[in-house]
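K.L.:
Spelled out from the first residue to the last, the chains are:
Protein chains: 4
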Amino acid sequence: MTSKKKFIAVIGGSEPSAEEAQMAEKVGRELAKRGAILVCGGLGGVMEAACRGAQSEGGLTIGILPGESRQAANPYIQIPIVTGMGYARNVAVVKSAQAVIAIGGSYGTLSEISHALQSGIPVIGLNTWSLSRNGQPDNSIIPAQNSVEAVDKALNLATKE
Amino acid sequence: MTSKKKFIAVIGGSEPSAEEAQMAEKVGRELAKRGAILVCGGLGGVMEAACRGAQSEGGLTIGILPGESRQAANPYIQIPIVTGMGYARNVAVVKSAQAVIAIGGSYGTLSEISHALQSGIPVIGLNTWSLSRNGQPDNSIIPAQNSVEAVDKALNLATKE
Amino acid sequence: MTSKKKFIAVIGGSEPSAEEAQMAEKVGRELAKRGAILVCGGLGGVMEAACRGAQSEGGLTIGILPGESRQAANPYIQIPIVTGMGYARNVAVVKSAQAVIAIGGSYGTLSEISHALQSGIPVIGLNTWSLSRNGQPDNSIIPAQNSVEAVDKALNLATKE
Amino acid sequence: MTSKKKFIAVIGGSEPSAEEAQMAEKVGRELAKRGAILVCGGLGGVMEAACRGAQSEGGLTIGILPGESRQAANPYIQIPIVTGMGYARNVAVVKSAQAVIAIGGSYGTLSEISHALQSGIPVIGLNTWSLSRNGQPDNSIIPAQNSVEAVDKALNLATKE
Numbered sequence: 001m002t003s004k005k006k007f008i009a010v011i012g013g014s015e016p017s018a019e020e021a022q023m024a025e026k027v028g029r030e031l032a033k034r035g036a037i038l039v040c041g042g043l044g045g046v047m048e049a050a051c052r053g054a055q056s057e058g059g060l061t062i063g064i065l066p067g068e069s070r071q072a073a074n075p076y077i078q079i080p081i082v083t084g085m086g087y088a089r090n091v092a093v094v095k096s097a098q099a100v101i102a103i104g105g106s107y108g109t110l111s112e113i114s115h116a117l118q119s120g121i122p123v124i125g126l127n128t129w130s131l132s133r134n135g136q137p138d139n140s141i142i143p144a145q146n147s148v149e150a151v152d153k154a155l156n157l158a159t160k161e
Numbered sequence: 162m163t164s165k166k167k168f169i170a171v172i173g174g175s176e177p178s179a180e181e182a183q184m185a186e187k188v189g190r191e192l193a194k195r196g197a198i199l200v201c202g203g204l205g206g207v208m209e210a211a212c213r214g215a216q217s218e219g220g221l222t223i224g225i226l227p228g229e230s231r232q233a234a235n236p237y238i239q240i241p242i243v244t245g246m247g248y249a250r251n252v253a254v255v256k257s258a259q260a261v262i263a264i265g266g267s268y269g270t271l272s273e274i275s276h277a278l279q280s281g282i283p284v285i286g287l288n289t290w291s292l293s294r295n296g297q298p299d300n301s302i303i304p305a306q307n308s309v310e311a312v313d314k315a316l317n318l319a320t321k322e
Numbered sequence: 323m324t325s326k327k328k329f330i331a332v333i334g335g336s337e338p339s340a341e342e343a344q345m346a347e348k349v350g351r352e353l354a355k356r357g358a359i360l361v362c363g364g365l366g367g368v369m370e371a372a373c374r375g376a377q378s379e380g381g382l383t384i385g386i387l388p389g390e391s392r393q394a395a396n397p398y399i400q401i402p403i404v405t406g407m408g409y410a411r412n413v414a415v416v417k418s419a420q421a422v423i424a425i426g427g428s429y430g431t432l433s434e435i436s437h438a439l440q441s442g443i444p445v446i447g448l449n450t451w452s453l454s455r456n457g458q459p460d461n462s463i464i465p466a467q468n469s470v471e472a473v474d475k476a477l478n479l480a481t482k483e
Numbered sequence: 484m485t486s487k488k489k490f491i492a493v494i495g496g497s498e499p500s501a502e503e504a505q506m507a508e509k510v511g512r513e514l515a516k517r518g519a520i521l522v523c524g525g526l527g528g529v530m531e532a533a534c535r536g537a538q539s540e541g542g543l544t545i546g547i548l549p550g551e552s553r554q555a556a557n558p559y560i561q562i563p564i565v566t567g568m569g570y571a572r573n574v575a576v577v578k579s580a581q582a583v584i585a586i587g588g589s590y591g592t593l594s595e596i597s598h599a600l601q602s603g604i605p606v607i608g609l610n611t612w613s614l615s616r617n618g619q620p621d622n623s624i625i626p627a628q629n630s631v632e633a634v635d636k637a638l639n640l641a642t643k644e
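Protein chains in written order, with our numbering: chain Y, 1 to 161; chain H, 162 to 322; chain U, 323 to 483; chain E, 484 to 644.
Derived by calculation from the structure, the hints in this document are not laboratory data. Please note that a few of the clues may not be correct.
[Unchecked claim] Distance windows between CB atoms, simulated:
#, chain 1, residue 1, chain 2, residue 2, range
1, U, E390, E, R517, 48 to 58 Å
2, U, E341, Y, K160, 55 to 65 Å
3, U, E390, E, K487, 16 to 26 Å
[To be verified] Sample of chain U residues facing chain H (criterion: CB under 8 Å; computed from the structure):
#, residue
4, Q440
5, S454
6, L479
[Said to hold, decoys possible] Facing chain H, according to a computed beta carbon distance under 10 Å, are these residues of chain U, among others:
#, residue
7, L365
8, E390
9, N412
10, G426
11, S428
12, A438
13, S441
We put the CB at the ideal spot given by N, CA and C, even for glycine.
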């Protein structure tokens with residue numbers, strides 16, 4: 001049954017650097033190899049690269065879309081979820097995952113990181129945001145050096161439920 | 162690729178009559194036999210019966226949940242989407258489908274029927290609501306006499322996108 | 323303090339008949355005269371007519387908007403709430419009210435009626451939808467003959483909280 | 484007409500330090516003195532302190548609530564907006580404002596900061612988060628030394644629409 005598999009979100013910007021896109025594709029491949037299901041926001045950039053990687057290894061990809069049409073999904077999304085709720089869908093992207101891998105990204109990615117941390121969902125970071133709160137470093141985002149390490153950490157730290 | 166398959170939502174109440182639960186289970190089985198993917202609200206009653214039917218035929222089931230935890234999904238949900246958005250998730254349930262089959266149901270189901278009709282998504286009804294607008298019958302809900310007819314109509318009328 | 327005042331939602335279509343627009347304007351005037359605060363979806367048609375009526379009597383008007391910009395609000399909205407959540411904002415329109423007055427309207431209005439009834443919020447109807455469930459009339463929408471009667475009933479039936 | 488006034492969001496945690504609560508109350512007072520309308524998430528802590536300050540100067544306060552009941556609003560909220568959408572309401576809190584003042588806060592506040600920056604809404608910070616993106620400082624959060632300076636900057640930078 002699919003639901004025993006782990007759901008891991010991959011988040012990141014729609015205009016990644018070439019390095020970030022490569023990282024994302026490799027994250028997608030690794031997740032699929034290990035039998036995890038990939039959740040993302042369904043659009044381009046990091047999301048598309050990760051889905052392309054997952055699909056190349058036969059993995060399942062879910063895209064939780066902000067707009068009104070499934071046509072906006074990248075071509076590697078197998079399960080498009082159409083919300084029509086704009087950026088509020090960021091909340092559903094992370095809550096639908098047991099761990100989150102953040103790759104690069106801008107403020108939308110930061111909002112997803114925040115919603116995940118607020119919900120107690122582990123966040124693994126690759127070339128992404130770092131945080132300080134009132135002058136003190138906040139180390140909640142768990143750093144990874146490369147895509148394989150990020151997937152290792154995500155699968156190890158994934159919440160039980 | 163999964164995304165070439167049709168996505169059909171099955172909506173209805175959490176406390177169906179025995180007849181409605183049987184209808185829902187048969188709808189789920191028929192959808193799975195024909196290769197469609199079942200989308201629902203993820204909880205009990207009609208949703209659970211339809212998912213049980215789909216799973217018995219090897220079909221894929223998606224549950225778009227209102228609360229904060231995937232644990233609330235019925236045991237036949239393979240893809241739990243966790244929104245934390247309460248009844249606002251009803252919008253995503255119908256927008257994620259290319260046609261909707263409504264079985265019985267109360268006001269929550271009526272809200273889903275309304276959101277589907279507002280979005281131009283066909284709604285097939287089994288023992289469900291009927292509508293009049295300012296005294297004139299509104300025949301937008303397409304009646305079906307039984308589960309097989311409902312699935313036939315849903316698959317025939319499913320929107321292209 | 324404003325919060326002791328009653329919050330009443332006025333819902334209806336963006337393309338009302340002349341009669342419905344007149345009803346809506348009168349509902350808005352009556353609500354303002356009696357010190358109630360008008361909540362609506364913030365756009366045109368019934369919403370705008372009701373707000374124009376309320377403003378002509380010095381009433382306060384709140385518009386809970388579906389889009390990304392406060393500029394979309396009709397000119398009689400004093401408090402624009404910008405959700406960016408599309409039709410999911412319909413849920414907030416009715417939940418923010420202690421009673422709802424529905425005037426005419428199409429499927430969007432029907433979704434708001436449904437969400438209100440699901441939440442136990444009284445709905446008063448003027449020239450609007452009527453419902454049957456599995457062949458039995460559902461009389462949950464309380465009919466009113468005219469705008470003053472609708473406002474009377476809404477204020478009398480408004481939930482305490 | 485109220486809508487010519489500026490709408491400023493005050494965001495921050497529900498368990499502020501004593502210093503942060505004082506800052507928030509002063510921010511609320513200053514906003515009210517200058518005729519701005521205060522938008523917040525409607526609950527306790529920074530939100531409540533800011534509303535108490537605003538109300539003491541006769542200002543208008545709006546609380547966009549996550550839950551199902553207006554009863555959860557702090558006692559200084561005059562306009563409770565009930566969304567039932569959980570943390571997805573954070574998007575509406577910032578989008579309903581022309582500038583945002585962040586005081587302390589945890590991950591929920593960080594999500595609001597992110598959604599504001601993503602939408603091009605200026606964010607003024609008092610004892611709050613600071614950000615680095617892939618090792619480079621991101622200075623999008625505009626620092627203020629005290630409550631009066633924060634209000635000055637928020638009113639000066641408020642978006643036109």
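K.L.:
Are the hints correct? Go through all of them and say.
P.N.:
Checked hints:
For the pair E390/U and R517/E, the beta carbons lie near 26 Å from each other, so the given range of 48 to 58 Å is not met. Hint check: E341/U to K160/Y, Cβ distance near 59 Å, so the stated range 55 to 65 Å holds. Checking the proposed 16 to 26 Å range against E390/U and K487/E shows it holds: the Cβ atoms sit about 21 Å from each other. Interface restraint check: Q440/U against chain H, minimum CB-CB distance 4 Å, threshold 8 Å, status holds.
Here the hint on S454/U is kept, as its CB sits about 5 Å from the closest CB of chain H, short of 8 Å. Taking 8 Å as the C-beta contact cut-off toward chain H, the hint placing L479/U at the interface is violated, the least distance being around 17 Å. The interface hint given for L365/U is broken, as the beta carbon of that residue sits about 14 Å from the closest beta carbon of chain H, more than 10 Å. For E390/U, the interface hint is violated, since its Cβ never comes within 10 Å of a Cβ in chain H; the closest pair sits about 17 Å apart.
For N412/U, the suggested interface contact is upheld, since its CB lies about 8 Å from the closest CB of chain H, less than 10 Å. Checking G426/U against chain H by beta carbon gives a least distance of about 7 Å; that is within 10 Å, so the hint holds. For S428/U, the interface hint holds, since its Cβ comes within 10 Å of a Cβ in chain H; the closest pair sits about 7 Å apart. Hint status for A438/U relative to chain H: holds, with the closest Cβ pair at about 8 Å, below 10 Å.
The closest approach between the C-beta of S441/U and any C-beta of chain H is roughly 8 Å, which is under the 10 Å cut-off, so the hint is satisfied.
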